[in-house]
Amino acid sequence: MIRVEIGKMLRSRRTWSTILLIDALPTLVAVLLALTDLGPRPGTGPAFLSAVLTDGTLFPLAALAIVLPLFLPIAVAITAGEAIAGEAQQGTLRYLLIRPVGRTRLLVAKLVSLMCNVLVTILVVAITAYVVGVLLLGQQDVATAGVTSVSGSQLSDQELLMRTGLALAYAMLCMMGVAAIGLFLSTINESPLGAALGTLAVLIASTLLLTLEAAEALQPYLPTRYWLAFVDLFRDPILWRDLQRGVLLQVVYVAVFLGAAWANFMTKDVKD
Amino acid sequence: MIRTHGLTKRFGRITAVDDVSLEVLEGDVYGFLGANGSGKTTTVRMVLGLVLATSGSVEVLGQAMPAGWRKVLPQVGGMVEGPAAYPHLSGRANLALFDASGPGGGRVSRAGRVDDVLEKVGLGDVDNRPTRAYSLGMRQRLGLANALLRAPRLLVLDEPTNGLDPQGIRDIRKLLLELHAAGTTIFLSSHLLAEIDQMCTRVGVLDRGRLVLQERLDVLHRPTGRVLVHTTDPAGVRALLDGAVEHQDGDRLLVRVPDVAELNGLLVRAGIPVLELTPERHTLEDVVLAASSSKSQEDR
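Chain order of the listed sequences is P and G.
Heads up: the first sequence begins at 1 in the working numbering, then just goes up one per residue.
Heads up: the second sequence begins at 1 in the working numbering, then just goes up one per residue.
Don't read these hints as lab results, they were simulated from the structure.
Hints should not be assumed to be uniformly reliable.
The list that follows gives simulated cross-link-like pairs (lysine-lysine, DSS-like), each with its CA atoms no further than 30 Å apart [to be verified]:
1. P:Lys271 <-> P:Lys8
2. G:Lys174 <-> P:Lys8
3. G:Lys120 <-> P:Lys8
4. P:Lys271 <-> G:Lys71
5. P:Lys268 <-> G:Lys174
6. G:Lys120 <-> G:Lys174
7. G:Lys120 <-> G:Lys71
8. P:Lys268 <-> G:Lys120
9. P:Lys8 <-> P:Lys268
Using the sequences plus the hints, can you model the full thing?
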C-alpha cells in the first residue's frame, strides 16, 4: 500500500506543479541577487543569504531557509488535508477500505507518501539551488577552500555535508509535525479544503503568537517556534539547545496528532 | 453468507437502521429492496465494515464483521453507493491501482486480471482516456469490474444498474446471472422492483430502517386463489359462478375458486367461450406495499 501511495503521489500532476512553484521562489531570489549584487547585510534577511553572494555553493541552504517557513508548510498542509478527506470526497476511500486496505495501514501509507513528497521537494529545491547558485553566483576559488560558518570559523566540506544532512532531517521532522496535524484534521473533516485550511490556520496562529509578547508563556510549545533552529547547525560549535527543544516538540506534536488521527479514523463511519 | 442480528445504527437522534436481522444464504441472489432513504446503503456499509453498528452484530462468510475484515473482505466484491475512481487516471490504471492496494493481487498477473474483468463488464475495448471523461454507464461498469477483481465468493452490490441504458442493464443482469450460475452469492440492493423481480431468489424489504419482509421470491409469488377468466360471454360466467366472481373489468373476470382445472371443465361444459384462463399470483409490488403499509399501521 505504501508503494501504491507513493506511486499515486509521484504520478500526480499536482505534486510536480507544487514542487515547481516552490522551486521558483529561491530561483527567483538567486536571479535577483546575481543581477543586482545586493545581498542583505549579514545578520538580516533570510539565513545564509548574505553569505551566498561570495559562495554560490551555499545557496541550497539559503533556498531551504527561504522555502521552509512558508511555502513548504503550505504545500504539506494542503497535501495532508487532502490525504483522507480527499479520498473520501472522491468516493475512493470506501473502495480502498473494502479492497481491503487496513485503516492503520492506509494512514501510515499516507504519512510515508507525504514525507516522500517533502523529501522530493527538498531535494529538488536543493539541487536546483546548487546549480543555480554555482551558475549565477559563482564558486569560491579553490585557494580559500572551506566554507565560513555563521559564526565566522571555517567548516570543512565533510563537516558541511554532515551538517546539511542534519538540517534536512530537521526540516523533514518539522514538516512531519505539519503533516500529522493535517492528517488528523483530514480524518475529522469532510472536505479536503477544510482540513488544509484548518492546518494552515494552526500554523498562522502559531507564527502570529510568536510575535506577541503577551503570549510568551505559550511560545515554547508552538509548533513553528523552532522551525528555523536548523541555522544553529551551522554555528561553530553547533548550538544544540533550540535544536533539541525543536526535535522534542515536533516529536510530541507528531505523536499526539498521529495518535488522534489514528484513534479517530479507526472508529470513523465512512459515509461518503 | 451474510447474517445480521438485531443490527441497529443511529446517527445522532435518527435511527437509520432499526433491529435488522438479515439472512443471506449461500447461492442466493438476494434482493434488498427499499425506498430511497430506507437504510439500505447504511446496512450495506455495516456489512462491509465501513460504518460501525450502534448495536447488533454482523457475520459475513462465517466471521464477525468488522473484526474479521482481514479474512472476509478479500473474498467479497463490493460496490457501495455508486462507483468511484481517480478522475485523472484511465479505467485500466484505476483498476491496476485498486488491485495493487489490497492483498492477494500478484504483480505479474495484474494486467491479465484487469483485462479480464474489463472484458467481463463490456469495457474490453476501452481506450486510455481518463475516467473523468467516462459516461455514468461506463463508470458503473468500471465499478463492477473493480468488485470482480478478486473473483469474489460474495458480491455486495448497491444499485448496480443505476445510470445504465436498457441494453446496459440487460448486459449486467446477464453477467450477474452467469456469475451466480458459477457459484457466486449475490446481495443486490435496489429500489427497482422489476430488477429484483427478474433476478433474485430471495427478497428482503426494508421500510424506514426496519426489515418488514424476508422471503423466497417463489413463495411471494404464490397464487392468490383467484383465477382470471377472459371470455366473450362475461354475463354467462356471472350466471354460472354467481358469488365467486369478485371483480369484473369488461370481459375479464376474477373468480375465486379452489381448483383451476375444475373451473375449466365447468366453463367448457357450460359452453362458455374462454379466451384465457390464468391463476392469479401475488406480484412483488403488492407484497412489498402490503408489508410496508401494514408495518407502518402497527407503528401508529
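We went through each hint and held it up to the structure:
no.	hint	result
1	P:Lys271 <-> P:Lys8	23 Å, holds
2	G:Lys174 <-> P:Lys8	35 Å, violated
3	G:Lys120 <-> P:Lys8	26 Å, holds
4	P:Lys271 <-> G:Lys71	23 Å, holds
5	P:Lys268 <-> G:Lys174	37 Å, violated
6	G:Lys120 <-> G:Lys174	11 Å, holds
7	G:Lys120 <-> G:Lys71	26 Å, holds
8	P:Lys268 <-> G:Lys120	34 Å, violated
9	P:Lys8 <-> P:Lys268	24 Å, holds
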